[in-house]
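Can you make the complete structure from the sequences, with help from the hints?
Reading the sequence shown from the start, the letters are residues 1 to 205 in our numbering.
Simulated from the structure, these hints should not be mistaken for lab results.
It cannot be assumed that every hint is accurate.
Claimed, not checked - Ranges between beta-carbon positions, derived for each pair:
1) E138 x A52: 28 to 36 Å
2) R51 x P88: 33 to 41 Å
3) A59 x T125: 31 to 39 Å
4) P88 x R142: 28 to 36 Å
5) V44 x Q191: 36 to 44 Å
6) R186 x T125: 31 to 39 Å
7) L127 x G157: 15 to 23 Å
Using N, Cα and C, we set each Cβ at its ideal position, and we do this for glycine too.
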Amino acid sequence: MKTLSLVAATLLALGGFAQALAQNGQRPRDIVEQRTDQVLKTIVERREEFRADDKVLFAFIRSELDSVFDREYSARLVLARHSRSASPEQISAFAEALSDQLMRRYGGAVLEFNPDIEVRVTGETELRDGALVRVQTEIRPRDAEPVQLHYMFRRVGNDWLMFDVIVEGISYVQTYRGQFDELLRRQSLDQVTAQLREGSLRVDD
Numbered sequence: 001m002k003t004l005s006l007v008a009a010t011l012l013a014l015g016g017f018a019q020a021l022a023q024n025g026q027r028p029r030d031i032v033e034q035r036t037d038q039v040l041k042t043i044v045e046r047r048e049e050f051r052a053d054d055k056v057l058f059a060f061i062r063s064e065l066d067s068v069f070d071r072e073y074s075a076r077l078v079l080a081r082h083s084r085s086a087s088p089e090q091i092s093a094f095a096e097a098l099s100d101q102l103m104r105r106y107g108g109a110v111l112e113f114n115p116d117i118e119v120r121v122t123g124e125t126e127l128r129d130g131a132l133v134r135v136q137t138e139i140r141p142r143d144a145e146p147v148q149l150h151y152m153f154r155r156v157g158n159d160w161l162m163f164d165v166i167v168e169g170i171s172y173v174q175t176y177r178g179q180f181d182e183l184l185r186r187q188s189l190d191q192v193t194a195q196l197r198e199g200s201l202r203v204d205d
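Next comes the structure, spelled out in structure tokens:
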């Protein structure tokens, strides 16, 4: 996927939104506007600590993402028809294996973030009678072209959880759905999950 390393870093930034979402019941757009700058600056402040120990970096990413990213729902969308016969335990194992591989490959992208970048929310669109929300943002690095980055949220109880990221029109879910559909026509879900976990299967960008 184009600029997937950017997705890894901005997903982490969104992780810091979870507490505010739960406490204030704010809209996804409000959270993005209020929290992005602060979270990205925190990443920069801890850059040397993260560079010194990637285990600390990955633990930080995991804790932040788990608070706001709906991994299992996203995994079901990636698996599409292959999820229908899968057990909840199989879905959970696949979701964890995929997110772990992406974190290992792109987690270091958070170390390259510059606090001078501007993240501008350009819109919020309700879908399915308000059950889903698409937050449109534009990331403007100082020395590069702007990147259009959109986040898909769904309401779960009183909270909003993110399940997809769309970079320059390319969806995280759709990109991996096509790849895993082909793999799962030849192998079982358990086999694919095991290969992801071991690192012998590498999904394409």
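For this session: Mind listing which of the numbered hints don't hold for this structure, in increasing order?
Result: 4
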